[in-house]
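Residue numbers (my numbering), protein chains in the order written: chain W, 1 to 299; chain Y, 1001 to 1600.
Hints are computed from structural coordinates only; laboratory data are not their basis.
No experiment lies behind these values; they were computed from the predicted model shown.
Check each hint, because a few of them may be wrong.
What the hints assert, rightly or not - As a list, the in silico BS3-like pairs of lysine-lysine whose alpha-carbon atoms are at most 30 Å apart:
#1 Y/Lys1374 <-> Y/Lys1237
#2 W/Lys285 <-> Y/Lys1374
#3 Y/Lys1156 <-> Y/Lys1125
#4 Y/Lys1237 <-> Y/Lys1158
#5 Y/Lys1002 <-> Y/Lys1582
#6 Y/Lys1408 <-> W/Lys40
#7 W/Lys18 <-> Y/Lys1453
#8 Y/Lys1237 <-> W/Lys285
#9 Y/Lys1340 <-> Y/Lys1190
#10 Y/Lys1453 <-> W/Lys20
#11 W/Lys20 <-> Y/Lys1408
#12 Y/Lys1460 <-> Y/Lys1411
#13 W/Lys20 <-> Y/Lys1411
#14 Y/Lys1340 <-> Y/Lys1374
#15 W/Lys227 <-> W/Lys185
#16 Y/Lys1002 <-> Y/Lys1026
#17 Y/Lys1408 <-> W/Lys18
#18 W/Lys20 <-> W/Lys185
#19 Y/Lys1190 <-> Y/Lys1002
#20 Y/Lys1340 <-> Y/Lys1026
#21 W/Lys18 <-> Y/Lys1460
#22 W/Lys20 <-> Y/Lys1460
#23 Y/Lys1408 <-> Y/Lys1460
#24 Y/Lys1340 <-> Y/Lys1002
#25 Y/Lys1125 <-> Y/Lys1157
#26 W/Lys149 <-> W/Lys226
#27 W/Lys285 <-> Y/Lys1340
#28 Y/Lys1190 <-> Y/Lys1156
#29 Y/Lys1411 <-> W/Lys18
#30 Y/Lys1374 <-> Y/Lys1060
#31 W/Lys192 <-> W/Lys226
#32 Y/Lys1125 <-> Y/Lys1158
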Amino acid sequence: MATSVQRASQQLTMADLKGKVDPDWCPGCGDFGVLAAVQKALVELRIPTYNVVTISGIGCSSNFPGYMNTYGMHTLHGRALAVATGLKLANHELTVLVTGGDGDGFGIGGNHFVHSMRRNVDLLYIVMDNQIYGLTTGQTSPTSRIGMKTKSMPFGNIEAPVNPISLALAAGATFVARGFSGEQKHLTELIKQGIEHPGFSFLDVFSPCVTYNHDNTYQWFRPRVKKLEDDSAHDPTNWMAAMEKSLLWGEEIPIGKFFERTDVSTLHGAEPVLNNGPLVHGDLKVPPEVARSFVEELM
Amino acid sequence: MKQTFAIGIGGAAGQGVATPGDIFAKIFSRRGLHLNAYNAYQSIIRGGHTLLTIRTGTEKVTNMGDRLDLLIPLNQDTMDRHLQLLTVGAACIYNADTIKPGPAADGVQLCPLPVSELADISRNKVAQNTLAMGAGLHMMGIGFQALEEVLREQFKKKGEAVVAENVGVARAGYDYAAAHFMAFPNPIPKTENRYAILSGNVAMAMGGAAAGVKFYCAYPMSPSTGVLHWMAAHARKAGIMVRQVEDEIGVINMTIGAAHAGVRAMCATSGGGFALMSEGLGMSAMIETPVVVINCQRAGPSTGVPTKTEQGDLWQMLGAAFGDYPRVIAAPLDIGDCFKLIPEIFNLADRFQCPGLVLCDLLLSEGRLSVHPKDLDFNQSIDRGELIMTNGNGNGASIAAARNGDYKRYKITDSGISPRAVPGVPGHIHTVATDEHMEDGVLISDEFTNPIKRRAMMEKRMRKVAGIEAAVPPPTLSGPRDADVTLIGWGSTKGVIEEACEILNEEGVSANQLQIRWLVPLHGEAILDILRDSRHTIIVENNYSGQFARYLRSETSFVPDGHIRKYDGEPFMPHHIVEAVKQQLAGQTKLSVPMHEIMV
Ligand SMILES: Cc1ncc(C[n+]2csc(CCOP(=O)(O)OP(=O)(O)O)c2C)c(N)n1
Ligand code: SF4
Ligand SMILES: [Mg+2]
Chain W
1 MATSVQRASQ
11 QLTMADLKGK
21 VDPDWCPGCG
31 DFGVLAAVQK
41 ALVELRIPTY
51 NVVTISGIGC
61 SSNFPGYMNT
71 YGMHTLHGRA
81 LAVATGLKLA
91 NHELTVLVTG
101 GDGDGFGIGG
111 NHFVHSMRRN
121 VDLLYIVMDN
131 QIYGLTTGQT
141 SPTSRIGMKT
151 KSMPFGNIEA
161 PVNPISLALA
171 AGATFVARGF
181 SGEQKHLTEL
191 IKQGIEHPGF
201 SFLDVFSPCV
211 TYNHDNTYQW
221 FRPRVKKLED
231 DSAHDPTNWM
241 AAMEKSLLWG
251 EEIPIGKFFE
261 RTDVSTLHGA
271 EPVLNNGPLV
281 HGDLKVPPEV
291 ARSFVEELM
Chain Y
1001 MKQTFAIGIG
1011 GAAGQGVATP
1021 GDIFAKIFSR
1031 RGLHLNAYNA
1041 YQSIIRGGHT
1051 LLTIRTGTEK
1061 VTNMGDRLDL
1071 LIPLNQDTMD
1081 RHLQLLTVGA
1091 ACIYNADTIK
1101 PGPAADGVQL
1111 CPLPVSELAD
1121 ISRNKVAQNT
1131 LAMGAGLHMM
1141 GIGFQALEEV
1151 LREQFKKKGE
1161 AVVAENVGVA
1171 RAGYDYAAAH
1181 FMAFPNPIPK
1191 TENRYAILSG
1201 NVAMAMGGAA
1211 AGVKFYCAYP
1221 MSPSTGVLHW
1231 MAAHARKAGI
1241 MVRQVEDEIG
1251 VINMTIGAAH
1261 AGVRAMCATS
1271 GGGFALMSEG
1281 LGMSAMIETP
1291 VVVINCQRAG
1301 PSTGVPTKTE
1311 QGDLWQMLGA
1321 AFGDYPRVIA
1331 APLDIGDCFK
1341 LIPEIFNLAD
1351 RFQCPGLVLC
1361 DLLLSEGRLS
1371 VHPKDLDFNQ
1381 SIDRGELIMT
1391 NGNGNGASIA
1401 AARNGDYKRY
1411 KITDSGISPR
1421 AVPGVPGHIH
1431 TVATDEHMED
1441 GVLISDEFTN
1451 PIKRRAMMEK
1461 RMRKVAGIEA
1471 AVPPPTLSGP
1481 RDADVTLIGW
1491 GSTKGVIEEA
1501 CEILNEEGVS
1511 ANQLQIRWLV
1521 PLHGEAILDI
1531 LRDSRHTIIV
1541 ENNYSGQFAR
1551 YLRSETSFVP
1561 DGHIRKYDGE
1571 PFMPHHIVEA
1581 VKQQLAGQTK
1591 LSVPMHEIMV
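Please build the complete structure, drawing on both the sequences and the hints.
And the structure:
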């Protein structure tokens, strides 16, 4: 995201990014790692905290904005991207981060997810994908694997999971990446790139739920994740290749930047109404001669 | 009684009913006349019956009236449905080649046009419409030039040949009428006034622009789509961001997002879309980010009757979103009021940082009315309330006053209003949450729900209700205080009830009217003060169950003497109300459901 990322005049520290309260996530929850990586990325990018808005839906992961010292909105389950789109269009000088869970983003918010990507709204969307509904105490999510036993599917899930990376590629996201909360440096790097990317940046993060998902644990992921950045043949400008890579799952699961293109206009960049700067700074009144022409049309 | 003249033009959708309608509307408005136009149509693009009624006069015309003076049926179906409704003095102009008249009442003039003799119908498919316009114009006693002028404007883009052809056909109709048909006894008058003609949807969209709306988004849904169309067409000139969104859930959430960034943001929908917005309205109230949402009612439930009017969403509005929260709900009284209400409700929403809901209906949204240009004044006063922004658009405390850390977004105050800083303002960082929160925005609901804090926040928000009540005027009674009957209505029925009262007064029944514009706050005490003195009270509303009657009773315990209701999809006509009032005063019934005689 962010075409014109503003820089803070002074060096930021991790303490500058710390919110009013400490996270109430379970000890060991993957979301801690995502929070730390986001804070680190903002420190490294030196974006003034008052110019950042962190927007989430509802879920364990969606408690995220409260743990940040940026402007924040903890909205409704599934609606963060819609709220963020409106906010970004009203003030496109803000750096917008959207955070949430797999249920929030791919389940109840699936419609907004697809449409925000095709619109190329300029923001970074981080999904803390734990393949489970955490906050509601462990039900099947749209990314739960077939066969996984949960409270809502005690005899095992019979529905195929969604593949967020392929879906994002198909929907037209202009930056598509996957991280792992157990790979801090790599994750921080992806977040920085996502913030600086002009357009919709999608970052799916394996963020294990240590309480309710006993299938997809740190131990399960660690031997499997392979960084795309270590593969010298990987070309993130090649959409077809990215699509093929997105289908890999099993003994080897790619993480890293699958795809990026910068030749597509952002939504706010394509709208001439914003040529004179953000709407929020503009004059509220319609110029008198324009108002007069609106009435004369009707006479 | 008011001197008016009404034309009905009917045909199948796609037969060009709208064009003669627009042309007559233009001619009347240029003669300085008032007018009201209502199109009864079906949810189908081609085929399906439509009847456009245009009623004009020198005084304000507030509704479609009871009588057609001139009927122009463009097909047999329209002739069959409507000829029998014409009464003495009326006329019917029709294509004698294709349409056969049925039996007509005495004193109704039948005016057959030999269309194929008068025009080359192989070249001009709408020749019958143009001929009829010319003929009608002559019978109304209007000079041909008025029509020629409008036709020239209409066809200018298509070149001189097309202009000449159409003017020629119209002229042929005009001359034929001069030779063969009897003119109406009272020629259409002329005044020096000039009016704008607009629909309620256009009025609300323009009202939004005048209120300083900078963000509008929508998902198309009849009868609200006209707001989107005006906004989209005028967005660039007015500097408004207009978006079409994936669904109404997205609409309300985007609107809230934009409002949260600090702009005035608005959206409009109909009942089905409004249902999807419900959860979002609660968010607007909980995070205290003001938005204005318009619901243009159509006949429900469910998909219902998409092209027909009703006042059936009152309880949906009242019950929208769960939990208790402050909000304002208003129903515009006429199309001019559709414009005026929007800046007013934005000022309230901004001041009290809560949702402002507008309950309109198809009758106003898609009806058209003549409005004096001074009633479309864009120079509206804008009060953004205690808003803290980086530029001068807010009137909250100066940004220098706060140091990071002290600012409390939900500061507990006597008024319940807490100064609102928008993202991007240095020194005021905070997170808003739909979970219950403390003064600084931190959640109380997840870890430890402190009942004392919850109660304090609930009371803080609800204290705004007293301020809202003080800011909104109570309704007033119009007409003689000491009348035989008091008619109570809300929103769009104002004009038709007004005319029914006039007719009743002329016929010896003195009637007055209490019309409700602000539904929340209702001002129950003031209403009771008025109704306590009334001799006979009747609530008139466009729905099945008496939604307003039930609401008024729930708020005030007031029970009226009778009800007049209509839920057939069409609006009230004055005689529906007049006849029902007489029956009720004669003790024949307490509930009247007038029959809509015109089959549209
Ligand atoms: C409209 C609505 N439906 C249901 C809920 C209940 N709910 C809260 S969070 C959640 C699922 C959370 O799962 P996910 O988004 O994956 O987040 P996680 O807790 O796993 O981080 C649900 C169903 C809600 N808050 N709102
Ligand atoms: S339940 Fe799972 S997702 Fe939620 S905080 Fe605990 S570990 Fe994290
Ligand atoms: Mg989850």
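With the threshold set at 30 Å, check whether the alpha-carbon distance from Y/Lys1411 to W/Lys18 stays at or below it. holds (22 Å)
Hint check: Y/Lys1340 vs Y/Lys1190, CA-CA at most 30 Å. Holds or violated? holds (28 Å)
Is the Cα-Cα distance between Y/Lys1374 and Y/Lys1237 30 Å or less? Between Y/Lys1374 and Y/Lys1237 the Cα gap is close to 21 Å, so the pair holds against 30 Å.
Can you confirm whether the C-alpha distance between Y/Lys1340 and Y/Lys1026 stays at or below 30 Å? holds (24 Å)
Hey, Y/Lys1460 versus Y/Lys1411, does the alpha-carbon distance stay inside 30 Å? holds (9 Å)
Quickly compare the C-alpha distance for Y/Lys1237 and W/Lys285 to 30 Å and report which way the hint goes. holds (12 Å)
Has the given pair, W/Lys227 with W/Lys185, been kept, meaning a C-alpha gap of at most 30 Å? Within the cut-off at roughly 12 Å; holds.
Could you grab the alpha-carbon distance between Y/Lys1408 and Y/Lys1460 and see if it respects the 30 Å cut-off? holds (13 Å)
For the pair supplied as a hint, Y/Lys1190 and Y/Lys1002, confirm whether the alpha-carbon distance does not exceed 30 Å. Distance ~16 Å between Y/Lys1190 and Y/Lys1002 Cα, so the pair holds.
Given the proposed pairing of W/Lys149 with W/Lys226, does the C-alpha separation stay at or below 30 Å? holds (27 Å)
Holds or violated: are the alpha carbons of Y/Lys1340 and Y/Lys1002 at most 30 Å from each other? holds (26 Å)
Pair hint W/Lys20 and Y/Lys1460, alpha-carbon separation not exceeding 30 Å: holds (22 Å)
Every hint, counting from the list given before, is met by this structure.
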